[in-house]
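Asks: Taking our numbering, the leading residue of the sequence shown gets 1, the next gets one more, and so forth.
Note that these hints are calculated values from the structure, not bench results.
None of the values given here were measured: they were computed from a predicted structure.
Between beta-carbon pairs, the in silico distance windows are: (1) M224 x S304: 18 to 28 Å; (2) R242 x H211: 26 to 36 Å; (3) R272 x D62: 50 to 60 Å; (4) G63 x V289: 45 to 55 Å; (5) A302 x R188: 29 to 39 Å; (6) E15 x R242: 49 to 59 Å; (7) E313 x V289: 12 to 22 Å; (8) P49 x H211: 14 to 24 Å.
Straight-line alpha carbon distances no greater than 25 Å define the calculated DMTMM-like cross-link-like pairs of lysine to aspartate or glutamate that follow: (9) K328 x D52; (10) K328 x D81; (11) K328 x E303; (12) K328 x E299; (13) K328 x D301; (14) K328 x E110; (15) K328 x D151; (16) K328 x E157; (17) K328 x E115; (18) K328 x D210; (19) K328 x D135; (20) K328 x D79; (21) K328 x E107.
Don't be surprised by glycine CBs; every beta carbon is placed ideally from N, CA and C.
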Amino acid sequence: MTTANSLTWTPLSLEDVPALTALLNRVDQADDLGEPAEEPSTREWLTLPGRDLALDSLAVRDGDDLVAVSLADVHLRLDRDGRARCQLLGTVDPAYRRQGLGAALFEHGERRAAELATARHPGAPAVYRTSGGRDPEADSDPSAPLTGGADVRPLLERRGYRRVRSWLSMTRELPGAGLPVTDPEGARVSAPSDTEREATRLAHLAAFADHWGSAPIGEERWNMLWSSHTARRELSTIAVDRDGTVLAYVIAAEERPGVLYFALVGTRPEARGRGLARAVVARTLGAAVQAGYALAELEVDAESLTGATRLYEALGFARDAVHSTYEKPVA
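Using the sequences provided together with the hints, build the complete structure.
Replies: Structural data, given as C-alpha coordinates:
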(Lines of atoms letter the chains of each structure in order from A and count residues from 1; the text may use other names and numbers.)
(Lines give C-alpha, C1' and ligand atoms only; values in the text may rest on other atoms or scores of the structure.)
Protein backbone atom coordinates (compact mmCIF):
# COMPACT_ATOMS: atom_id res chain seq x y z
CA MET A 1 0.00 0.00 0.00
CA THR A 2 1.00 3.66 -0.34
CA THR A 3 0.58 6.16 2.48
CA ALA A 4 -0.36 9.81 2.14
CA ASN A 5 3.24 10.91 2.58
CA SER A 6 4.35 8.64 -0.29
CA LEU A 7 5.89 5.89 1.86
CA THR A 8 5.16 2.46 0.41
CA TRP A 9 4.75 -0.76 2.39
CA THR A 10 5.64 -4.08 0.73
CA PRO A 11 7.28 -7.39 1.70
CA LEU A 12 11.03 -7.80 1.52
CA SER A 13 12.63 -9.75 -1.32
CA LEU A 14 16.16 -10.89 -2.11
CA GLU A 15 16.47 -7.90 -4.44
CA ASP A 16 16.45 -5.78 -1.27
CA VAL A 17 19.77 -7.17 0.00
CA PRO A 18 21.82 -4.03 -0.93
CA ALA A 19 19.17 -1.60 0.37
CA LEU A 20 18.63 -3.58 3.58
CA THR A 21 22.38 -3.76 4.19
CA ALA A 22 22.61 0.02 3.72
CA LEU A 23 19.72 0.55 6.19
CA LEU A 24 21.32 -1.71 8.79
CA ASN A 25 24.58 0.19 8.48
CA ARG A 26 22.86 3.58 8.87
CA VAL A 27 21.21 2.29 12.04
CA ASP A 28 24.47 0.75 13.26
CA GLN A 29 26.30 4.06 12.91
CA ALA A 30 23.55 6.22 14.42
CA ASP A 31 22.85 3.88 17.35
CA ASP A 32 26.50 3.02 18.05
CA LEU A 33 25.79 -0.71 17.86
CA GLY A 34 29.19 -1.87 16.63
CA GLU A 35 27.52 -4.42 14.33
CA PRO A 36 28.18 -3.39 10.71
CA ALA A 37 26.35 -5.46 8.10
CA GLU A 38 27.66 -7.08 4.93
CA GLU A 39 25.57 -8.12 1.95
CA PRO A 40 26.44 -11.85 2.18
CA SER A 41 25.26 -11.92 5.81
CA THR A 42 22.08 -10.05 4.92
CA ARG A 43 21.33 -12.56 2.17
CA GLU A 44 21.92 -15.49 4.52
CA TRP A 45 19.65 -13.88 7.12
CA LEU A 46 16.83 -13.48 4.60
CA THR A 47 17.13 -17.05 3.30
CA LEU A 48 17.14 -18.97 6.58
CA PRO A 49 15.05 -22.16 6.29
CA GLY A 50 11.44 -21.68 7.35
CA ARG A 51 11.20 -18.05 6.19
CA ASP A 52 8.59 -16.83 3.74
CA LEU A 53 9.48 -13.23 3.01
CA ALA A 54 6.21 -12.57 1.18
CA LEU A 55 4.24 -13.29 4.37
CA ASP A 56 6.72 -12.88 7.24
CA SER A 57 8.26 -9.51 6.36
CA LEU A 58 7.21 -5.92 5.85
CA ALA A 59 9.38 -3.15 4.42
CA VAL A 60 8.75 0.60 4.38
CA ARG A 61 10.20 2.45 1.41
CA ASP A 62 10.68 6.10 0.56
CA GLY A 63 11.24 6.02 -3.16
CA ASP A 64 14.18 3.67 -3.72
CA ASP A 65 15.34 3.86 -0.11
CA LEU A 66 14.46 1.21 2.46
CA VAL A 67 13.69 3.08 5.68
CA ALA A 68 12.16 0.43 8.01
CA VAL A 69 11.69 -3.33 8.14
CA SER A 70 10.18 -6.04 10.30
CA LEU A 71 10.40 -9.82 10.15
CA ALA A 72 8.53 -12.43 12.18
CA ASP A 73 10.45 -15.63 12.88
CA VAL A 74 8.75 -18.47 14.77
CA HIS A 75 11.11 -21.25 15.81
CA LEU A 76 10.38 -24.59 14.22
CA ARG A 77 10.49 -26.35 17.60
CA LEU A 78 9.16 -25.53 21.05
CA ASP A 79 11.53 -24.18 23.68
CA ARG A 80 12.47 -25.99 26.88
CA ASP A 81 9.30 -24.72 28.57
CA GLY A 82 7.03 -25.99 25.80
CA ARG A 83 6.43 -22.55 24.30
CA ALA A 84 6.45 -21.39 20.69
CA ARG A 85 9.19 -18.76 20.47
CA CYS A 86 8.10 -15.85 18.27
CA GLN A 87 11.09 -13.65 17.50
CA LEU A 88 10.28 -10.15 16.24
CA LEU A 89 13.12 -8.55 14.30
CA GLY A 90 13.31 -5.16 12.69
CA THR A 91 14.52 -1.58 12.74
CA VAL A 92 13.65 1.96 11.65
CA ASP A 93 16.01 4.45 10.02
CA PRO A 94 16.85 7.13 12.63
CA ALA A 95 15.60 9.85 10.28
CA TYR A 96 12.13 8.24 10.15
CA ARG A 97 11.58 7.49 13.84
CA ARG A 98 8.75 8.89 15.98
CA GLN A 99 6.37 8.79 13.03
CA GLY A 100 4.50 5.66 14.08
CA LEU A 101 6.43 3.27 11.82
CA GLY A 102 7.73 1.14 14.67
CA ALA A 103 4.26 0.62 16.15
CA ALA A 104 2.84 -0.31 12.74
CA LEU A 105 5.64 -2.79 12.12
CA PHE A 106 5.08 -4.38 15.53
CA GLU A 107 1.39 -4.75 14.69
CA HIS A 108 2.28 -6.65 11.52
CA GLY A 109 5.01 -8.72 13.15
CA GLU A 110 2.86 -9.78 16.11
CA ARG A 111 -0.07 -10.69 13.89
CA ARG A 112 2.07 -12.77 11.53
CA ALA A 113 4.00 -14.43 14.36
CA ALA A 114 0.75 -15.47 16.04
CA GLU A 115 -0.45 -17.02 12.78
CA LEU A 116 2.81 -18.92 12.38
CA ALA A 117 2.80 -20.12 15.98
CA THR A 118 -0.74 -21.46 15.61
CA ALA A 119 0.13 -23.23 12.36
CA ARG A 120 3.41 -24.75 13.56
CA HIS A 121 2.54 -25.46 17.18
CA PRO A 122 -1.26 -25.73 17.52
CA GLY A 123 -2.41 -25.61 21.12
CA ALA A 124 1.00 -24.65 22.54
CA PRO A 125 1.49 -21.42 24.50
CA ALA A 126 3.49 -18.81 22.62
CA VAL A 127 5.59 -15.80 23.53
CA TYR A 128 6.78 -12.77 21.58
CA ARG A 129 10.45 -12.01 22.07
CA THR A 130 12.53 -9.07 20.88
CA SER A 131 15.69 -7.14 21.71
CA GLY A 132 15.58 -4.21 24.12
CA GLY A 133 19.01 -2.94 23.11
CA ARG A 134 22.05 -2.08 25.22
CA ASP A 135 21.89 -0.72 28.78
CA PRO A 136 23.35 2.76 29.38
CA GLU A 137 26.72 2.92 31.08
CA ALA A 138 26.50 3.02 34.88
CA ASP A 139 27.91 6.55 35.04
CA SER A 140 25.87 7.98 32.13
CA ASP A 141 23.46 10.89 32.48
CA PRO A 142 19.98 9.45 33.22
CA SER A 143 18.39 12.25 31.19
CA ALA A 144 20.50 11.54 28.09
CA PRO A 145 18.77 9.92 25.07
CA LEU A 146 19.01 6.12 25.00
CA THR A 147 21.48 4.64 22.51
CA GLY A 148 22.53 1.16 21.50
CA GLY A 149 19.02 0.29 20.32
CA ALA A 150 17.55 0.90 23.78
CA ASP A 151 15.36 3.75 22.52
CA VAL A 152 12.84 1.07 21.53
CA ARG A 153 12.10 0.32 25.21
CA PRO A 154 9.32 2.91 25.72
CA LEU A 155 7.48 1.46 22.71
CA LEU A 156 7.93 -2.08 24.02
CA GLU A 157 6.63 -1.17 27.45
CA ARG A 158 3.59 0.58 25.97
CA ARG A 159 2.85 -2.61 24.04
CA GLY A 160 3.01 -4.76 27.17
CA TYR A 161 6.52 -6.18 26.84
CA ARG A 162 8.64 -6.69 29.94
CA ARG A 163 12.35 -7.25 30.37
CA VAL A 164 13.00 -10.92 31.09
CA ARG A 165 16.72 -11.49 30.54
CA SER A 166 20.09 -9.75 30.48
CA TRP A 167 23.11 -10.74 28.42
CA LEU A 168 26.72 -9.80 29.08
CA SER A 169 28.91 -8.85 26.16
CA MET A 170 32.50 -9.79 27.05
CA THR A 171 35.75 -9.06 25.24
CA ARG A 172 39.38 -10.13 25.49
CA GLU A 173 42.28 -8.33 23.87
CA LEU A 174 44.65 -10.58 21.96
CA PRO A 175 47.22 -11.87 22.59
CA GLY A 176 46.70 -10.70 26.18
CA ALA A 177 47.75 -12.82 29.14
CA GLY A 178 49.12 -16.29 28.59
CA LEU A 179 46.60 -19.10 28.18
CA PRO A 180 46.53 -22.28 30.28
CA VAL A 181 47.88 -25.46 28.72
CA THR A 182 44.96 -27.89 28.73
CA ASP A 183 44.97 -31.57 27.82
CA PRO A 184 41.77 -33.08 29.19
CA GLU A 185 41.96 -36.79 29.76
CA GLY A 186 39.96 -38.96 27.37
CA ALA A 187 39.19 -36.26 24.82
CA ARG A 188 40.72 -34.99 21.59
CA VAL A 189 40.68 -31.19 21.32
CA SER A 190 40.95 -29.86 17.76
CA ALA A 191 39.24 -27.88 15.03
CA PRO A 192 36.15 -29.69 13.74
CA SER A 193 36.06 -31.35 10.35
CA ASP A 194 33.01 -31.12 8.13
CA THR A 195 32.21 -34.76 8.94
CA GLU A 196 31.70 -33.69 12.58
CA ARG A 197 29.01 -31.14 11.75
CA GLU A 198 26.05 -33.24 12.93
CA ALA A 199 27.87 -34.55 15.99
CA THR A 200 28.52 -30.94 17.00
CA ARG A 201 24.86 -30.02 16.49
CA LEU A 202 23.81 -32.91 18.73
CA ALA A 203 26.25 -31.68 21.37
CA HIS A 204 24.70 -28.21 21.10
CA LEU A 205 21.19 -29.60 21.56
CA ALA A 206 22.30 -31.44 24.69
CA ALA A 207 24.31 -28.51 26.06
CA PHE A 208 21.45 -26.00 25.82
CA ALA A 209 18.49 -28.27 26.62
CA ASP A 210 18.42 -26.91 30.19
CA HIS A 211 19.13 -23.25 29.31
CA TRP A 212 16.58 -20.46 29.56
CA GLY A 213 14.56 -19.89 26.39
CA SER A 214 16.53 -22.39 24.34
CA ALA A 215 14.82 -24.23 21.47
CA PRO A 216 16.47 -27.02 19.44
CA ILE A 217 18.03 -25.92 16.16
CA GLY A 218 17.21 -28.08 13.14
CA GLU A 219 19.70 -29.49 10.66
CA GLU A 220 18.95 -26.95 7.90
CA ARG A 221 19.58 -23.87 10.02
CA TRP A 222 22.58 -25.50 11.68
CA ASN A 223 24.10 -26.26 8.27
CA MET A 224 23.71 -22.60 7.25
CA LEU A 225 25.38 -21.47 10.48
CA TRP A 226 28.16 -24.02 9.99
CA SER A 227 28.84 -22.94 6.40
CA SER A 228 28.13 -19.21 6.75
CA HIS A 229 30.58 -16.89 5.01
CA THR A 230 31.54 -15.54 8.45
CA ALA A 231 32.19 -18.99 9.93
CA ARG A 232 35.80 -19.72 10.87
CA ARG A 233 35.87 -23.48 11.25
CA GLU A 234 39.66 -23.63 11.51
CA LEU A 235 39.39 -21.42 14.60
CA SER A 236 36.42 -23.30 16.07
CA THR A 237 37.15 -26.12 18.51
CA ILE A 238 35.56 -29.37 19.62
CA ALA A 239 36.44 -31.87 22.36
CA VAL A 240 35.64 -35.42 21.22
CA ASP A 241 35.72 -38.67 23.18
CA ARG A 242 36.99 -42.02 21.90
CA ASP A 243 33.54 -42.92 20.58
CA GLY A 244 33.33 -39.79 18.41
CA THR A 245 30.85 -37.98 20.66
CA VAL A 246 31.40 -34.22 20.78
CA LEU A 247 31.51 -33.28 24.46
CA ALA A 248 32.23 -29.53 24.24
CA TYR A 249 32.58 -26.99 21.45
CA VAL A 250 33.24 -23.41 20.35
CA ILE A 251 31.74 -22.20 17.07
CA ALA A 252 33.73 -19.15 15.93
CA ALA A 253 32.87 -16.47 13.38
CA GLU A 254 34.35 -13.24 12.07
CA GLU A 255 31.63 -10.63 11.78
CA ARG A 256 34.01 -7.66 12.00
CA PRO A 257 37.57 -7.53 10.66
CA GLY A 258 40.10 -8.43 13.34
CA VAL A 259 37.46 -9.58 15.85
CA LEU A 260 36.78 -13.27 16.45
CA TYR A 261 33.27 -13.84 17.74
CA PHE A 262 32.51 -16.89 19.88
CA ALA A 263 29.05 -17.49 18.41
CA LEU A 264 28.28 -20.66 20.40
CA VAL A 265 30.01 -22.28 23.36
CA GLY A 266 28.68 -25.32 25.17
CA THR A 267 29.36 -28.54 27.05
CA ARG A 268 27.16 -31.61 27.36
CA PRO A 269 25.68 -31.80 30.89
CA GLU A 270 27.29 -35.17 31.60
CA ALA A 271 30.71 -33.80 30.61
CA ARG A 272 30.67 -30.65 32.75
CA GLY A 273 33.25 -30.25 35.48
CA ARG A 274 36.06 -31.92 33.52
CA GLY A 275 37.75 -28.77 32.23
CA LEU A 276 36.50 -29.31 28.68
CA ALA A 277 34.96 -25.85 28.31
CA ARG A 278 38.22 -24.28 29.42
CA ALA A 279 40.10 -26.46 26.93
CA VAL A 280 38.01 -25.58 23.88
CA VAL A 281 37.87 -21.85 24.69
CA ALA A 282 41.62 -21.74 25.29
CA ARG A 283 42.35 -23.59 22.06
CA THR A 284 40.22 -21.15 20.01
CA LEU A 285 41.83 -18.15 21.72
CA GLY A 286 45.29 -19.54 20.94
CA ALA A 287 44.33 -20.14 17.31
CA ALA A 288 42.97 -16.59 17.08
CA VAL A 289 46.28 -15.21 18.35
CA GLN A 290 48.18 -17.24 15.76
CA ALA A 291 45.83 -15.97 13.04
CA GLY A 292 46.48 -12.35 14.02
CA TYR A 293 43.16 -11.37 15.57
CA ALA A 294 43.20 -8.33 17.87
CA LEU A 295 40.07 -9.06 19.90
CA ALA A 296 37.84 -11.94 20.97
CA GLU A 297 34.19 -11.31 21.79
CA LEU A 298 31.25 -13.33 23.12
CA GLU A 299 27.84 -12.95 24.73
CA VAL A 300 26.67 -14.91 27.77
CA ASP A 301 23.48 -15.17 29.78
CA ALA A 302 23.94 -12.99 32.86
CA GLU A 303 22.17 -15.70 34.87
CA SER A 304 23.95 -18.66 33.27
CA LEU A 305 23.24 -21.80 35.28
CA THR A 306 26.65 -23.23 34.37
CA GLY A 307 28.67 -20.32 35.76
CA ALA A 308 30.04 -19.56 32.29
CA THR A 309 30.78 -15.94 33.21
CA ARG A 310 33.33 -17.06 35.82
CA LEU A 311 35.04 -19.30 33.26
CA TYR A 312 35.36 -16.49 30.73
CA GLU A 313 36.69 -14.08 33.34
CA ALA A 314 39.28 -16.67 34.37
CA LEU A 315 40.39 -16.84 30.73
CA GLY A 316 40.85 -13.07 30.47
CA PHE A 317 37.48 -11.86 29.21
CA ALA A 318 36.10 -8.63 30.70
CA ARG A 319 32.55 -7.36 30.81
CA ASP A 320 31.92 -4.77 28.12
CA ALA A 321 28.16 -4.13 27.95
CA VAL A 322 24.77 -5.47 28.98
CA HIS A 323 21.96 -6.19 26.51
CA SER A 324 18.35 -7.03 27.21
CA THR A 325 15.59 -9.32 25.96
CA TYR A 326 11.92 -8.34 26.24
CA GLU A 327 8.91 -10.68 26.10
CA LYS A 328 5.14 -10.75 26.27
CA PRO A 329 2.72 -13.66 25.96
CA VAL A 330 0.84 -14.22 22.71
CA ALA A 331 -2.85 -13.76 23.53
